[in-house]
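Asks: Given next are the chains, with one letter for each unit.
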Amino acid sequence: MTSTFFGLETAKRGMNTQQSALYVTGQNISNANTDGYSRQTVNITHTEPYPPVGMNRPQLPGQMGTGSKIADISRVRDAFLDQQYRGQNNQLGYWSTKADALSQMEQIMNEPSDDGLSATMGQLSQALQDLSVHPEDEGARSVVLNRAQAVAETFHYLSNSLSEIQDNLGNKLQVSLKDINSILKQINDLNNQIAKVEPNGYVPNDLYDDRDRLVDQLSMYVNIKVTRGPTSPSASPIAEGPYKIEILDASNKSVGTLVDSDGYYQLGFKSGEGPESDNPTEKMISGFTLEKQGNIDFDVASFSQGSLKGLVESYGYVGTNGSSGIYPDMLDKLNKLALTFAQKFNDIHSSGTDLNGNAGSNNFFIFASSGNSADYAKNIELNSSITTSMIAASSSATKEPGNGQNAIKLANFQNEDLSTNGSNMINKGTIGSFYAGVIGSLGVDAQQANRLTANSSNLKESVDQNRQSVSSVSLDEEMVNMIKFQQAYNASARNITIVDEMLDKIINGLGTGGR
Amino acid sequence: MRVTQTMLSRNFLNNLSNNYDKLGKLQDQIASQKKINKPSDDPVVAMQGINYRTNLQEIQQYKRNFSEAHDWLDNADSALDEATQAMQRIRELTVEASNGSLEDNQRKSIATEITQLRDHLVEVANTKVGNKYIFNGTDTVTKPVDLSTNPPTFSTNNNPVNIELAKGISLKVNPDTSVFSGQQSGDLFFDLNNLINDLNSSNPSNIGGYLDKLDQATNKITNERASLGAVSNRIDLMETRNGEQEVTATKMMSDNEDADLDKVITDFIAQQSAFRAALGVGASIIQPTLLDFLK
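Those protein sequences? They're chains C and B, same order as listed.
1 is the number of the first residue of the first sequence in the working numbering; add one for each residue after it.
516 is the number of the first residue of the second sequence in the working numbering; add one for each residue after it.
Be aware that one or more of the hints could be misleading.
[As the list claims (entries may be wrong)] Taking CB as the label site, the calculated pair distances span:
(1) B:D536 with C:N171: 44 to 50 Å
(2) B:D592 with C:D115: 36 to 42 Å
(3) C:A397 with B:D773: 45 to 51 Å
(4) C:Q83 with B:D773: 44 to 50 Å
(5) C:A397 with B:D589: 49 to 55 Å
[Stated by the list, open to error] Simulated pairs of lysine-lysine, BS3-like, Cα-Cα distance not exceeding 25 Å:
(6) B:K658 with C:K399
(7) C:K283 with C:K270
(8) C:K244 with C:K196
(9) C:K12 with C:K484
(10) B:K549 with B:K778
(11) B:K549 with C:K399
(12) B:K682 with B:K766
(13) B:K682 with C:K428
(14) B:K643 with C:K399
None of these hints come from the bench; they were simulated from the model.
No residue lacks a Cβ here, since even glycine has one placed at the ideal position from N, Cα and C.
Chain C on its own, in the form it takes in the complex:
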């Protein structure tokens, strides 16, 4: 025989359960637009039936249900999709960083256009052609000097702008490292908080969401592998435990631990290196270090994929074959071009004769000695001592004001064969073909980076779509749940009324016969 008030208790439990479920629905709705929020579901189970199994159980025809309770509140999330998402986010980070760097470079090079370097050199050629027709003309001569100045200035502009962006990339690199380390610290903090909550039997869904959001961010910077550590024995079976995050190298092999249940480890540049260094040779970095007991060093070439690597590859690094990278390579090519252009032009110029009958100067273009002497593009100058009459337009050894044959040769400097040049100059093809090749390969690189950015972005979106499909809040669904829980709540309340009426019959209606 059950207690008199048995039904009241069962209905009360129903009301409690439905009310809690309604609150979780409210939580879902209010977080419908929260980034990284996974919808939560209430797992409702029945409470222990009455009577329990035992020797002294009351003799009843069967077990009676005693109502419902909330077993747990869990978040709906698919760890496998998370892993896919992070993989794609990692690719996207790498390629979009490179695409960014290359597109800035494209803007600076400004080709094909009517005011890029090739156009400026073309204008110098035209001015020299005009000079060949009017070799005695002061006007034609001063146009040549101005156009030559413009070529030197274009070299300066390109070199300075590229260096500036390279510096910006260096800053970005440092900021990224700071960001990564801060994310690692935050994940570690969350790991600790979770470890404190879980043994009490709670499932800290919101902390899990926070942690996953941070891991998503981290996956953009470096390629990582996430594994769940062991949970406390007293924790709920659906508790996730601490995350162990390992950094993977270029061939997806784990090479070190960033975060585990013991703590987190900072990522930094190899000691003594970094863009903030004042020493130019230390500005270039050769790799990263994971600060642990006994630091772990990584080369750039085998370093983890991601936007950090994309940044380093754009900014430039020292590898086994000397320094390389998108910006150093382009600056190197520009320097070669400036050196070759100046030498070739000077050579042709010195083979001519100027307006006064003197041999042409071999120092038409000179290199300023300030700064790094290998920065030819930055240092190229039109020799200020060259006056208009000193332009060697004539091919004759004696004074011939009307002879413009050398000016024609000068005008063709872009088409001069360079195969006889020395090793630090361009020694293939012509100046024109070299520059067209530089722009062509820049275009190909940028196109590839753009294409792969678009691809990985599409893939990331589609994985994210799947993830959203599992985890995001559907208002319709919540609305239906809301009605479901409301009705159950109402019905439980009605049940109490019915039981009440029943008891009323017993208490107030019985034993008053004949009244």
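Take the given structure of chain C and dock chain B to it, following the hints.
Replies: The following block gives chain B in isolation, referenced to the frame of chain C:
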């Protein structure tokens, strides 16, 4: 698959921004009239573009050089034409003076006229185009003929003035300066001066002998005109070819990098209607929720 409002609106936003991106690209193409605006749009087109531009720049430069060459040749030709007319008049006067029945003073007045004509020839020899003396080889800044000095100076520079009119092809555009020389017998001004001296002397014997020399000088001038004419013809031919090259090069450059407006605008309109459709559909899907129908 479970589809939620968040997914719908994210998808919608993504697609809209893709549409915007495409519209932006097409708009760029329409505004700049170019297929590509940066090398990565199409590296091959960009590289070719640089080559075509250089090529076209050269051709346009040659076009400017052609007008310079014409300038030289036309001026030389008209100078030599004037010189021929002066020579004809001198010849007529010499024929008249060779008539033995003339008085000394009549010959003197003929001598005066021939002196005037000779000075005119000096002016012709000193013809300037722009700032350049055209009858002085490559020494274009000094006067080729100056009779005021003693001894008179004549051009010694007969170097060619070459103008590049096609890649690697330079043509000589200046006239031969020897037509206006005067150092020795057989030279124009030498003979003219002797003729004037003889006419001024009393009872000259051999005025008629100058006719041959005058004819020779005139022939030289005419021959020079003929050879300049030949060069001019050649330049005309080259110019025509250069003009054709310019058309071809411009067309190649245009085919390479210019946007096909018909196509781009059609694409733009198609894209625009896709964009409008996306907006419309998006608006009608995102708005309603179950909430609207629950009472």
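Asks: So, for every hint listed, does it hold in this structure?
Replies: Against the structure, the hints come out as follows:
1. B:D536 with C:N171: 44 to 50 Å: violated, 28 Å
2. B:D592 with C:D115: 36 to 42 Å: holds, 41 Å
3. C:A397 with B:D773: 45 to 51 Å: holds, 48 Å
4. C:Q83 with B:D773: 44 to 50 Å: holds, 48 Å
5. C:A397 with B:D589: 49 to 55 Å: violated, 32 Å
6. B:K658 with C:K399: holds, 15 Å
7. C:K283 with C:K270: At roughly 11 Å apart (the allowed maximum being 25 Å), C:K270 and C:K283 satisfy the hint.
8. C:K244 with C:K196: Holds. C:K244 to C:K196 sits at ~17 Å (cutoff 25 Å).
9. C:K12 with C:K484: Measuring from Cα to Cα gives roughly 17 Å; hence the hint holds.
10. B:K549 with B:K778: holds, 12 Å
11. B:K549 with C:K399: Violated. B:K549 to C:K399 sits at ~48 Å, over the 25 Å cutoff.
12. B:K682 with B:K766: The given pair, whose Cα atoms are some 20 Å apart, holds under the 25 Å limit.
13. B:K682 with C:K428: Roughly 21 Å between the alpha carbons, so the hint for B:K682 and C:K428 holds.
14. B:K643 with C:K399: holds, 20 Å
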